[in-house]
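Residue numbers (this note's numbering), protein chains in the order written: chain E, 6 to 370; chain Y, 6 to 370; chain R, 6 to 370; chain Z, 6 to 370.
Calculated from the structure, these hints are not laboratory results.
Glycine included, C-beta positions come from ideal geometry on N, C-alpha and C.
Hints may contain errors.
[Claimed, not checked] Facing chain Z, a subset of chain R residues (Cβ under 8 Å, in silico): (1) Y114; (2) G115; (3) V135; (4) I158; (5) A224; (6) D269; (7) I292; (8) I310.
[Stated by the list, open to error] Computed far set for chain R versus chain E, every beta-carbon distance over 12 Å: (9) N44; (10) K69; (11) Q78; (12) N92; (13) P229.
4 protein chains.
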Amino acid sequence: MGGNRLGKIFQVTTFGSSHGKAIGAVIDGCPAGLPLDANDIQRELDRRRPGTSEITTPRKEEDKVEILSGTFQGKTDGTPIAAIVYNKDVDPSAYESIKYKPRPGHGDYGWISRYGHYDYRGGGRGSGRVTIGHVIGGAIAKKLLETFNIRIIGHVTQIGRIKAKRIDPKRIEEHTLENPVRCADEKAAEEMIKLILEAKEKGDSVGGIVEIIVSGAPAGLGEPVFSKLDADIAHALMGIGAVKGVEIGLGFKVAEYNASEINDEYYIREGRIRTLTNNSGGIIGGISNGMPIIARIAVKPTPSISLPQRTVNLKSMKETTIRIKGRHDPCICPRIVPVAEASVAIIIADHMIRAGFIHPCKIKT
Amino acid sequence: MGGNRLGKIFQVTTFGSSHGKAIGAVIDGCPAGLPLDANDIQRELDRRRPGTSEITTPRKEEDKVEILSGTFQGKTDGTPIAAIVYNKDVDPSAYESIKYKPRPGHGDYGWISRYGHYDYRGGGRGSGRVTIGHVIGGAIAKKLLETFNIRIIGHVTQIGRIKAKRIDPKRIEEHTLENPVRCADEKAAEEMIKLILEAKEKGDSVGGIVEIIVSGAPAGLGEPVFSKLDADIAHALMGIGAVKGVEIGLGFKVAEYNASEINDEYYIREGRIRTLTNNSGGIIGGISNGMPIIARIAVKPTPSISLPQRTVNLKSMKETTIRIKGRHDPCICPRIVPVAEASVAIIIADHMIRAGFIHPCKIKT
Amino acid sequence: MGGNRLGKIFQVTTFGSSHGKAIGAVIDGCPAGLPLDANDIQRELDRRRPGTSEITTPRKEEDKVEILSGTFQGKTDGTPIAAIVYNKDVDPSAYESIKYKPRPGHGDYGWISRYGHYDYRGGGRGSGRVTIGHVIGGAIAKKLLETFNIRIIGHVTQIGRIKAKRIDPKRIEEHTLENPVRCADEKAAEEMIKLILEAKEKGDSVGGIVEIIVSGAPAGLGEPVFSKLDADIAHALMGIGAVKGVEIGLGFKVAEYNASEINDEYYIREGRIRTLTNNSGGIIGGISNGMPIIARIAVKPTPSISLPQRTVNLKSMKETTIRIKGRHDPCICPRIVPVAEASVAIIIADHMIRAGFIHPCKIKT
Amino acid sequence: MGGNRLGKIFQVTTFGSSHGKAIGAVIDGCPAGLPLDANDIQRELDRRRPGTSEITTPRKEEDKVEILSGTFQGKTDGTPIAAIVYNKDVDPSAYESIKYKPRPGHGDYGWISRYGHYDYRGGGRGSGRVTIGHVIGGAIAKKLLETFNIRIIGHVTQIGRIKAKRIDPKRIEEHTLENPVRCADEKAAEEMIKLILEAKEKGDSVGGIVEIIVSGAPAGLGEPVFSKLDADIAHALMGIGAVKGVEIGLGFKVAEYNASEINDEYYIREGRIRTLTNNSGGIIGGISNGMPIIARIAVKPTPSISLPQRTVNLKSMKETTIRIKGRHDPCICPRIVPVAEASVAIIIADHMIRAGFIHPCKIKT
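Bound-form chain E, shown alone (with noise of 0.2 Å):
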């Protein structure tokens, strides 16, 4: 059925644990003559990549990506691209203490009951690194929709209590490309950095909120009843291991509001149907609008944390504590943009060949 694959034309199929032999994605339905190299996906995945910076994981990791396939002189030649990154720095060592612990907020649990053979080392397929997978996929859907005009960003808007301003979307990628923690208010993210610090400093982690802007997409995206524009994006986003919420344009605020008070009305301009508000995010009915598509996600602190904890022995079937060492990540919401970005990104592919913007087989710009 497909655990490991998004997309429905445009499909990624994504392999690898955190401390395997490698990770990669193999993307079948891009279509042929798509300008194509191995920086492409490398720039993406450097921007995941841990060990950048002190609020992130000290893992070393290169993450040095390797076509195997599906290019042609240069460009895509409508075969399945695969592309791989081999972990280098595993330390499994770490983990061995825990085999049988699960540590509480991760999934350890839940994957041995499902499949009883378990690769516990660093959560496994568990892991946040299998999200490199996403990343291959999304650097793809990425270069694919800017051939159309279609830009994909994310930022942070709220780390623990401390919220960004609004800042005018047109500026939050050259913000956020200027600070660690990629939100584009330059104050809000001092605080947020702090935050961070302290909560590593205390062997605890935080949580936050990030926000993705799709900007170029033209009306028509969507297919209702059950494969919504919105409901595809938030099965992307919600598939995102920390993530716990997803809300599309005003989300919650609505249950607060009278229809009155929020109905995007339309309006023209230059010829081109528009709406006063975005309160929709740009999907109404499952259907894009052609106005901005903005979605949010609510990402929990990184359960991995050094404090003690309480847990369960699944061989004595005891109870016992636990104490996670390894090397954790005290908020994951800076290193879940790129990720979230690509996992959109596939979805917004996917959906504009589906709705026959972009031909199946081969680039028509």
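Put chains Y, R and Z on the given structure of chain E with help from the hints.
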């Protein structure tokens, strides 16, 4: 690609529109041997039926279901179950005047952009009426799950700014039976009804929040990395027309916490592994952990309001205004409860089979 | 997994059984704007209808189709098209005696093994009657393909050992209209009818071969490596009840040749690339080459015969004999023609969209 | 839509082309707990490897497989298994001259029509070399099936007009091990080799027939009406490059018989229901009946021949001739044997899980 299908093994394909001849669903992948008759479906349809109280639309529909296939001698036989409901109280006249004017907050413009030729009567297939298909599929899923002691209940937790008190989940069902707004907190329910009637009088509508609780689901449901249980639930729930946000467990609140505050620690009771808290809402790392599964959705106010709104005429490409007549719900939350239950039921049933807890071909209890 | 679904984008989901209430199909993924009414489907259903000549079963079914959804003002609107046929002439009494005795050559034993609880009346969903669903889907596919000047015709080329002469494909349609056995060679047709009546008199049945020809399909259809056009055609055709073999172009004869004898060489006529011969039957390497697509199927003699046969009683687990009464076709080939055409039409329509020749959302001719 | 994927639950996605960097497969949906190492795959790859006898292509490839993911401590862990083979003996120079000249009998023209930008070196992804992906997937499927006592063997039954005698299925495996043509009838094998060498000398090639036998499969495999076991087998086998026909059991011979002659009658032996004959090849009505499953494929002569052939120049759109140099198999049948086995193994493994005989998440033997 199946925009009208939900589920991978337990598959629900729906069809029909607001003012067409009939609405229905085909359920493929339900194991043989499940006792099933029309009453099992009718009971659930009656819960979403319009015209049952002053806070719902006055459209009168009997919504009588007819099973066309898939059962033999009172039991499912493993072949596709088709069931239909004929539309009776069809009054398209109200829609002629708005043929070329997309209604703010409605999917009209997206549908026209996507398909060109579009049934504008009552929103066509974009109408809430198509959730009859969800409920047919969900009723069968519920019946199947009950055989395995899994129960799904939904209730309204917020309307406008009125929030319900936390109620013992075991008492939700009886409490919601007693009031038309399906809120288990009786005092809040009264206020909610008042608020809805106020909105109705003004020709306006109001939003809210609905919570779904699944009890009895085993640990081990969910297919990481992309078909996680929470991802699939989010997909199903975000696919319901008016939903703008989905959250699991603590949801968006996780942003404000440290891991040490919200990680669900394990303990053992009566030989069974449980968690002390259930902040993760029964799903960690995309796999269920045996605790109750808790999801909440943000429901926007019904966009059909009789107040004047700005829109455009697609034929003349001129700006204009619109007043929607028709017959509409001043608050859709109560009627979304059975639809959301149905959507979650389909996902849980599907994953029960996918995880090997239910045999794919025949019921073995 | 969709055992009752054919097609990836143009998806046909069917339901219903021989003696149930109704048989039908839901077509999801047909673009909007295609003119369609019940007559388009009825015409094809009438071609497979029983009781029209002395060489078919005497079961009398009007097979009147009703479209429930998916069209608006005489055109498809991009939403799922549901269409049903009620079963009328249902006589299950003939089947009570054989409840526990699997009929040789029939699927009964497999169905019981798989599902346990099984509708044994007339073979249930294993009955040839379920191909009404194929024909409904195929009729819509044909209508869509005709818009793009693609035509699909089938004819009987062999019954028993009687083989039809090769007929100019352009004259097949008119020729087969004139005789009930649907063989374009009039002389062979006469002998075939005689052979069928002989078998009928003896309470026996006879097999044959049916050929399907697709003209007008462009080069470029088919998705290697697994969803090759010939692979998908083989899948659809082998999925018809009585079919035991499928071949493309020269088919099994290729075994006896050298490449130098059968490779289809290229030439140019009127600026268009063509092949001198068409031994590959229009498909090479899994992709169409613009030449007519030619497929043939081996159809076994209808297994329902009134002669005594050995079988077992599944309840007593004792050996016994069986004489099948019921009403059956002494040769199913003529009635398989429209079913095979429908199956191929669905595949070609699906691949036309998948390859970008037909827009997935709206007809642009 | 997954043109590069085979199987619904046990899913094999393949990638790579003849002269690209690597060829590989990702297997998603293999239950956890299956003992698996590279040797299990290598053994099967060695059977399809080129350059092992004088009747195969002289291209030298070691075809050393590397498992990248999906196993832990010598067993599968339920996560996707990725395995790759690097291409070594790549000599694209032979192909430059034919860049714009589609080779008769090859897919070149179809690929160009479909994708525009096409890797013409060695047929690109249209090359037989991509069946390495099939064999990787099939090796894992076979290992899984062996755990459940299901075995799959293939053998050559015809080359040109030389037909093998019927051999006791139990002795096929040992017999085919002994000769490079993989024909179990030793006398016929000798003649076949002679015929192949004659064709080779002339710069020509020859076709044949390969038979696949599945023993030990239970009754109940197959999902009518469209995903019948024989339909899925036909799909998988017709998807192999050179295959132009597929038949089950008696296959095309059924056309010539009456039902009374070929219906498989039931009897009981040792408490188990069996059929007296197996004309249906183990599948009736699309579901297995517990008898050996028998499929045969028609394999065309390798189209790459060094004799001059007519073709066209796609750039100048002029007619021309072509002589194919490269390194090719004068008869592909022996090397198709492991590929056909692999294809069938994937389908049977998939259906074993789909029918509930194998648990979808963990091996329980």
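Each hint, compared with the structure:
no.	hint	result
1	Y114	holds, 6 Å
2	G115	holds, 3 Å
3	V135	holds, 6 Å
4	I158	violated, 20 Å
5	A224	holds, 4 Å
6	D269	holds, 6 Å
7	I292	holds, 3 Å
8	I310	holds, 5 Å
9	N44	holds, 28 Å
10	K69	holds, 29 Å
11	Q78	holds, 20 Å
12	N92	holds, 29 Å
13	P229	violated, 8 Å
Violated hints for the displayed structure, listed by number in ascending order: 4 and 13.
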